[in-house]
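*Asks:* What follows is the residue order along each chain.
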Amino acid sequence: MSDTSSYSGPAPVARSPITPGPTRVGDGALSLNDESSVGKLLVHAPVDGPMAGALGTRFGRTAREAGDDTLVVGSGPGEWLVVASVQDLPKLTTWLEQQGEGDPGLVSVVDVTHGRAMMRLTGQAAADVLAKLTAVDLSDSVVPDGGAFRSSVARVATDVIRDDSGGIATSDRPSYLLHCERSSGQYLWDAVVDAGGEFGLTTRGATS
Amino acid sequence: MMLVPCPWCGPRNVAEFRYVGESSARPDPATTSASDWRTYLYTRRNPCDWIKETWYHRMGCRQYFGLERHTMTNRTRPAESSR
Ligand SMILES: [Zn+2]
Numbered sequence: 522m523s524d525t526s527s528y529s530g531p532a533p534v535a536r537s538p539i540t541p542g543p544t545r546v547g548d549g550a551l552s553l554n555d556e557s558s559v560g561k562l563l564v565h566a567p568v569d570g571p572m573a574g575a576l577g578t579r580f581g582r583t584a585r586e587a588g589d590d591t592l593v594v595g596s597g598p599g600e601w602l603v604v605a606s607v608q609d610l611p612k613l614t615t616w617l618e619q620q621g622e623g624d625p626g627l628v629s630v631v632d633v634t635h636g637r638a639m640m641r642l643t644g645q646a647a648a649d650v651l652a653k654l655t656a657v658d659l660s661d662s663v664v665p666d667g668g669a670f671r672s673s674v675a676r677v678a679t680d681v682i683r684d685d686s687g688g689i690a691t692s693d694r695p696s697y698l699l700h701c702e703r704s705s706g707q708y709l710w711d712a713v714v715d716a717g718g719e720f721g722l723t724t725r726g727a728t729s
Numbered sequence: 816m817m818l819v820p821c822p823w824c825g826p827r828n829v830a831e832f833r834y835v836g837e838s839s840a841r842p843d844p845a846t847t848s849a850s851d852w853r854t855y856l857y858t859r860r861n862p863c864d865w866i867k868e869t870w871y872h873r874m875g876c877r878q879y880f881g882l883e884r885h886t887m888t889n890r891t892r893p894a895e896s897s898r
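Those protein sequences? They're chains U and A, same order as listed. With the first sequence counted from 1, adding 521 to any position gets you the numbering used here. With the second sequence counted from 1, adding 815 to any position gets you the numbering used here.
Treat the hints with care, as some may be off.
[Unchecked claim] A short, non-exhaustive set of chain A residues, derived as facing chain U with CB atoms under 8 Å:
| # | residue |
| --- | --- |
| 1 | 823 |
| 2 | 828 |
| 3 | 830 |
| 4 | 831 |
| 5 | 874 |
| 6 | 875 |
| 7 | 876 |
| 8 | 877 |
[Stated by the list, open to error] Computed spacing ranges between beta-carbons, pair by pair:
| # | chain 1 | residue 1 | chain 2 | residue 2 | range |
| --- | --- | --- | --- | --- | --- |
| 9 | A | 885 | U | 660 | 28 to 34 Å |
| 10 | A | 849 | U | 653 | 51 to 57 Å |
| 11 | A | 883 | U | 612 | 45 to 51 Å |
| 12 | U | 577 | A | 825 | 20 to 26 Å |
| 13 | U | 707 | A | 883 | 39 to 45 Å |
| 14 | A | 845 | U | 708 | 45 to 51 Å |
| 15 | A | 825 | U | 636 | 25 to 31 Å |
| 16 | U | 636 | A | 855 | 33 to 39 Å |
[Claimed, not checked] Some chain A residues judged to face chain U by a derived CB distance under 8 Å, without partners named:
| # | residue |
| --- | --- |
| 17 | 824 |
| 18 | 827 |
| 19 | 878 |
I should point out that these hints are in silico values taken from the structure, not numbers from a laboratory. Values in this document were obtained by computation on a predicted structure and should not be read as measured data. Where is the CB? At the ideal position from N, CA and C, for every residue including glycine.
Full structure from sequences and hints, please.
*Replies:* Put into structure tokens, the structure is as follows:
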């Protein structure tokens, strides 16, 4: 792996695969934002080793340090998705690799920022929109704030991450991150826009 | 629709999985005969009964796991060592 810690140039450009299409403006109660340009690291490590301890969460749950922008998602057994700003990725990668050195198992840290699409669906009706696209029960008892699962969403293998506090000034409303392969991003976006139409969805494309 | 009980994710639609096939013990390649190896690769028991199978949860946890399924009723139950 290249030495990312010595990189000092401008922050790399992370272009979204999603063309948002005509902006839909609802009443603002339900929004879909393209967050594909947010940094994403994929970590593989043994389920119960020191790396898992350093990441601080497990399959099906997320962790966020208080006041920190970095979100750690237990996206699979022995698999984590670390979501952070692109500017933070070099130091985060270095830190993760240091944790991995102490782990006797096989550990990998891969930057998948450019390979994935990510969007955020926020609003009281968010679960109703997703219920049209996935079979998993999204009630609070099954997927509370801080819950995560991967399943078929509009027939795309998608990480669904309940992250209410990450919603934009909407901590009282449910907010879901949807994360999938880059090549499926446009399709998933269009599917969510279509499903959200009847709920008055407002869309917003990538900000960078 | 058939629900497949993933040991990691719980019951999910069968469309999320890849069916790997009937599980059987792999002979030691160093000592096996050509005939036994061919049987291992290509011959399945295919009974009308409970069989042990391997499934892959491709749209979920991306893990392979064992499952017992009744080939007549499609009822499923966890295999003894399912993970
Ligand atoms: Zn699974």
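*Asks:* Report the numbers of all earlier hints that the structure fails to satisfy, in ascending order.
*Replies:* Of the numbered hints, all hold.
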